[in-house]
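Q: Residue numbers (my numbering), protein chains in the order written: chain W, 1 to 334; chain P, 1 to 399.
Simulated from the structure, these hints should not be mistaken for laboratory data. This structure is a prediction, so every number in the text was calculated from the model and none was measured. Glycine included, C-beta positions come from ideal geometry on N, C-alpha and C. Mixed in with the good hints there might be a few duds.
Reference listing, derived: stretches of chain P covered by chain W, where coverage requires no fewer than 3 residues with Cβ under 8 Å from a Cβ of chain W [said to hold, decoys possible]: (1) 23 to 30; (2) 38 to 49; (3) 118 to 130; (4) 223 to 237; (5) 249 to 261; (6) 265 to 277.
Within a straight-line C-alpha distance of at most 20 Å, the following computed SDA-like cross-link-like pairs (lysine to any residue) qualify [stated by the list, open to error]: (7) P:Lys174 - W:Ala3; (8) W:Lys127 - P:Arg4; (9) W:Lys127 - P:Gln258; (10) W:Lys157 - P:Lys174; (11) W:Lys157 - P:Ala175; (12) W:Lys181 - P:Asp124; (13) W:Lys159 - P:Glu278; (14) W:Lys154 - P:Gly176; (15) W:Lys159 - W:Lys224; (16) P:Lys174 - W:Lys181; (17) W:Lys157 - P:Ser121; (18) W:Lys127 - P:Ser273; (19) W:Lys224 - P:His214; (20) W:Lys157 - P:Gln258; (21) P:Lys174 - W:Ala156; (22) W:Lys181 - P:Ile359; (23) W:Lys5 - P:Arg4; (24) W:Lys127 - P:Asp264; (25) W:Lys157 - P:Glu278; (26) W:Lys230 - P:Gly176; (27) W:Lys5 - P:Met177; (28) W:Lys178 - P:Ser121; (29) W:Lys154 - P:Arg4; (30) W:Lys157 - P:Met177; (31) W:Lys157 - P:Ser273; (32) W:Lys178 - P:Gln258.
Distance ranges between label pairs, derived from CB positions [to be verified]: (33) P:Asp264 - W:His171: 36 to 46 Å; (34) W:Val29 - P:Val315: 33 to 43 Å; (35) P:Asn143 - W:Trp248: 48 to 58 Å.
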Amino acid sequence: MAANKVYIKSIAHISAQLPLSDEWLSSPVVLRGDFVPACEPLYKDYISPMAARRMTPILKRALVTARAALGDKAVDAIITGTGLGSAACSEKLINAMIEEGESFSMPTQFMQSTHNTIGSLVAINSKCHAYNATYSQDGISAECALLDAFVQMKLAKIKNALVGVHDELPHGWLEVMKRGKITGNPSQVPASETSISMLLDTNCDGAKCEIAGIELAFNTSFDKMLSSLKGRLGMPQIDAVMTGKNGWEGHDKQYDELIDSLPGVPELHYKHISGESCAASSFGIYASALCLERGIAPASLQCGTNAGNTPVKSILLASASRQNKTLILLKSCD
Amino acid sequence: MSERIVITGAGIVSAIGNNKRQCLENLRNGFSGIGEVRYLPTVHHEFPVGEVKLSNAQILDLLGIDHNQVYSRTTLMGIMAVKEALAQAGIDNNHNHMTLISGTTVGGMDVSEQLFSQGMSQEDCTNCIATHTCGASTCAIANHFGGIFNSTITPSTACSSALNAIMLGSDLIKAGMSQMVVAGGSECLTLFHLNGFKSLMILDTQRCKPFDEHRQGLNLGEGAAFVVLESEEHAMNRKAHIIAHIAGYGNACDAFHQTASSPDGEGAFLAMSKALNEAHMKPQDIEYINAHGTGTPNNDLSESAAIRRLFDNNVPPVSSTKSFTGHTTSASGSIETVISLLALQEQFLPINLGWSTPIQDGGIIPVTEPRKASLNNVMCNSFGFGGNDSSLILSKHTK
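Isolated chain W, as found in the complex (with noise of 0.2 Å):
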């Protein structure tokens, strides 16, 4: 594969914590009951008023959040991963089919209800008319949409790309994931929404840190898929493994494997701080980037009794969704 490296140089959030800031680092807030909705920012400072009123929550954030990574730098792709799509509009149709039946006729709702609607109206907003996709894989949407940029960047297709990342949870669909037991256990994990935008880039100059590899597995073991990307990337240091555990034993297990495969491996958590979403993989990329940028994984993010600052270089971020599995290693600039 071609000797092109992919870096993370800029990432914005609105997410449970404060928008558009970093500051949870330091001082998360602490997330509690069984939904915490994202925590809005002042919508009129990023977007005219006009303009928002016609615009669902996840629209809002996305653009917002795009505009913050991006600034007005132009790029070679905008991919994007939501795993329920615009799911506030999907849901008025639903709802609106039910009481109505089939006699409603809701034409702005059901352009805003397929999920590229977020990738293109953010392309629309930046006139770009580059490569631009949609992927919706669950709990892994933003891991497919990374794999992408990555892949095309190594391809030397692209050289830079902005992948977002956005779930909202809108009433109905939280009643039916929390009936399924699929939104975390609310007593450590609430269900929340997240809206991450990130800068990709193949040159290093302010990056965060190196996307060194992604790993994406379908009814296989952390494990397998460990030996895997150490097959490809011959034998890389891990100084931390990051997971999406969200408090359900079931769930939770599935982690035990890679952990128990990488002894002495310090384990860092962030659904306790992002929530559970399809797109809380997200919170933990961007949550990785942070300390590699540091060089330390705060206390916030460790489990266990060793709390203090523990020094990282590289860290693997590993998610399971449904019967799907990844891993990702980031690595600090050199």
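Following the hints, position chain P against chain W.
A: Here is chain P on its own, set in the frame of chain W:
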């Protein structure tokens, strides 16, 4: 090292047939699959649709699946098409390192709209979670094939989803991230998007007439299609029969409007230009274009403008096959890729059924009489809401 990506298997399910043979026969004979709605439980019988001519129960029987398990029709049609593609490529259960990339947008909405309307019991919630999302419909296709697939990815760019799946699959192989990929898409009809398109007032109450002056809109269709992708070297090493190779592809964004295409077809023009560049071809190398040609006033005008910009006065034969299959939305990119493959293999031009009057102001004059043609390179266009435009070039395989 050979970087050429080849196709070694293809499968298709659509309104004109449950496999390649049936679809080919109907394409050649000019038999459309569009008609009055029969399987979708809608009140809107005024809109003709391109339904796959099987009930879910019949598909379950065909596939030998237990009727007690809840499946989305998207998944069921996907399984049928993947099965045909794998069989042609000679893939059996001994293969275990394949990637499944299946584009969809409605995913399991057919099941969800049923469950929501019956009140969402606890069991309904479990079933909804198992089937609703785009990702879930892809996982369920992969599950049917035991251990063959070791990763699943779901592109969702509305009507260009399946073509983007083929593009990503090719890139993954080129980058050494996957050895073999099954790529395409699947989408069933749902009340959700039938009523959505009705809200947009772009459904024709007659059979659609792509590129015709009097076109009134599109007919929704459903179906699935997949191709097996691998490097030429990999195919040769395993002595697989190569059907065609993927010469180039391009993806660009119209960045104009959430649902409408720009008057000059900028996104479509860029996507086709990128595909030609990647294939190291000139416009005159393309001998047939399977157009997106939905039959809506806006798309066909915009696509005509883009084709004219790129091909100038040398527009190759063009047809939209949507008056056979209906607009199969997220699956259209791969359904029409397989139709283009059949054209390439059988050396014929599929016709643009239902066309009679040219669009004023430079519309495309499509192929209307079935005829043999010497085809080496064909282009397949697929455009989606949000201006997600993609174009693919397939070439006859030469050693």
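Q: Hints first: check each against the structure and report whether it holds.
A: Consistency of the hints with the structure:
1. Remark: the stretch 23 to 30 of chain P is not confirmed as covered by chain W, as 0 of its residues place a Cβ nearer than 8 Å to a Cβ of that chain, below the required three.
2. Coverage of the stretch 38 to 49 of chain P by chain W holds. Counting CB-CB distances below 8 Å, 3 residues qualify, and the rule asks for three or more.
3. Check result for the stretch 118 to 130 of chain P against chain W: holds, 6 residues qualifying (beta carbon to beta carbon below 8 Å, three or more required).
4. Only residues whose C-beta sits within less than 8 Å of a C-beta in chain W count toward coverage, and the stretch 223 to 237 of chain P has 0 of them, not enough to reach three; the restraint is violated.
5. Against chain W, the stretch 249 to 261 of chain P contributes 9 residues with a C-beta closer than 8 Å to a partner C-beta. That satisfies the three-residue criterion, and the hint holds.
6. Under the rule that three or more residues need a Cβ within less than 8 Å of chain W, the assignment of the stretch 265 to 277 of chain P holds, with 3 such residues.
7. For the hint linking Lys174 of chain P to Ala3 of chain W, the alpha-carbon distance of about 14 Å falls within 20 Å, and the restraint holds.
8. Only pairs whose Cα atoms come within 20 Å are accepted, and Lys127 of chain W paired with Arg4 of chain P is rejected, the gap being roughly 33 Å.
9. Between Lys127 of chain W and Gln258 of chain P, the direct Cα distance comes to roughly 13 Å. Compliance with the 20 Å bound is thereby established for this hinted pair.
10. For a cut-off of 20 Å, the pair hint linking Lys157 of chain W to Lys174 of chain P stands: about 12 Å separates their Cα positions.
11. Simply put, Lys157 of chain W and Ala175 of chain P have alpha-carbon atoms about 11 Å apart, close enough for the 20 Å limit, and the pair holds.
12. Under the criterion of a C-alpha separation no larger than 20 Å, the hint pairing Lys181 of chain W with Asp124 of chain P is consistent with the structure, at around 13 Å.
13. Straight-line distance between C-alpha atoms of Lys159 of chain W and Glu278 of chain P comes to about 17 Å, which keeps the hinted pair within the 20 Å bound.
14. With a C-alpha separation of about 10 Å, the suggested pairing of Lys154 of chain W with Gly176 of chain P holds against the 20 Å cut-off.
15. Annotation: proposed proximity of Lys159 of chain W to Lys224 of chain W is violated, straight-line Cα distance about 31 Å (limit 20 Å).
16. Between the alpha carbons of Lys174 of chain P and Lys181 of chain W the distance comes to roughly 39 Å, so the proposed pair goes past 20 Å and is violated.
17. As the CA atoms of Lys157 of chain W and Ser121 of chain P are separated by approximately 49 Å, the hinted pair breaks the 20 Å bound.
18. Simply put, Lys127 of chain W and Ser273 of chain P have alpha-carbon atoms about 19 Å apart, close enough for the 20 Å limit, and the pair holds.
19. Taking the CA atoms of Lys224 of chain W and His214 of chain P, the gap is near 59 Å; set against the 20 Å cutoff, the hint is violated.
20. Distance check on the hinted pair: Lys157 of chain W and Gln258 of chain P sit about 26 Å apart at the alpha-carbon level, beyond 20 Å; violated.
21. Between Lys174 of chain P and Ala156 of chain W the alpha-carbon distance is near 11 Å, which keeps this suggested pair within the 20 Å criterion.
22. Of the pairs offered as hints, the one joining Lys181 of chain W and Ile359 of chain P is violated, with about 55 Å between alpha carbons and a cut-off of 20 Å exceeded.
23. With a C-alpha separation of about 24 Å, the suggested pair Lys5 of chain W and Arg4 of chain P falls outside the 20 Å cut-off, and the hint is violated.
24. Restraint check for Lys127 of chain W and Asp264 of chain P: the C-alpha separation of about 15 Å stays at or below 20 Å, so the hint holds.
25. Of the supplied pair hints, the one linking Lys157 of chain W and Glu278 of chain P holds, its CA atoms being roughly 10 Å apart against a limit of 20 Å.
26. A C-alpha spacing of about 15 Å is found between Lys230 of chain W and Gly176 of chain P, which places the hinted pair at or below 20 Å, so the restraint holds.
27. For the suggested pair Lys5 of chain W and Met177 of chain P, the alpha carbons sit about 15 Å apart, so the restraint of at most 20 Å is met.
28. Under the criterion of a C-alpha separation no larger than 20 Å, the hint pairing Lys178 of chain W with Ser121 of chain P is consistent with the structure, at around 13 Å.
29. Of the pairs offered as hints, the one joining Lys154 of chain W and Arg4 of chain P holds, with about 17 Å between alpha carbons and a cut-off of 20 Å not exceeded.
30. For the suggested pair Lys157 of chain W and Met177 of chain P, the alpha carbons sit about 16 Å apart, so the restraint of at most 20 Å is met.
31. Simply put, Lys157 of chain W and Ser273 of chain P have alpha-carbon atoms about 15 Å apart, close enough for the 20 Å limit, and the pair holds.
32. With a C-alpha separation of about 32 Å, the suggested pairing of Lys178 of chain W with Gln258 of chain P is violated against the 20 Å cut-off.
33. A beta carbon spacing of about 42 Å between Asp264 of chain P and His171 of chain W agrees with the range 36 to 46 Å that was offered as a hint.
34. For Val29 of chain W and Val315 of chain P, the Cβ-Cβ distance of about 60 Å falls outside the hinted range of 33 to 43 Å, so the restraint is violated.
35. Taking 48 to 58 Å as the suggested C-beta distance range, the pair Asn143 of chain P and Trp248 of chain W does not conform, at roughly 22 Å.
Hints 1, 4, 8, 15, 16, 17, 19, 20, 22, 23, 32, 34, 35 from the list above are not met by this structure, while the remaining hints are.
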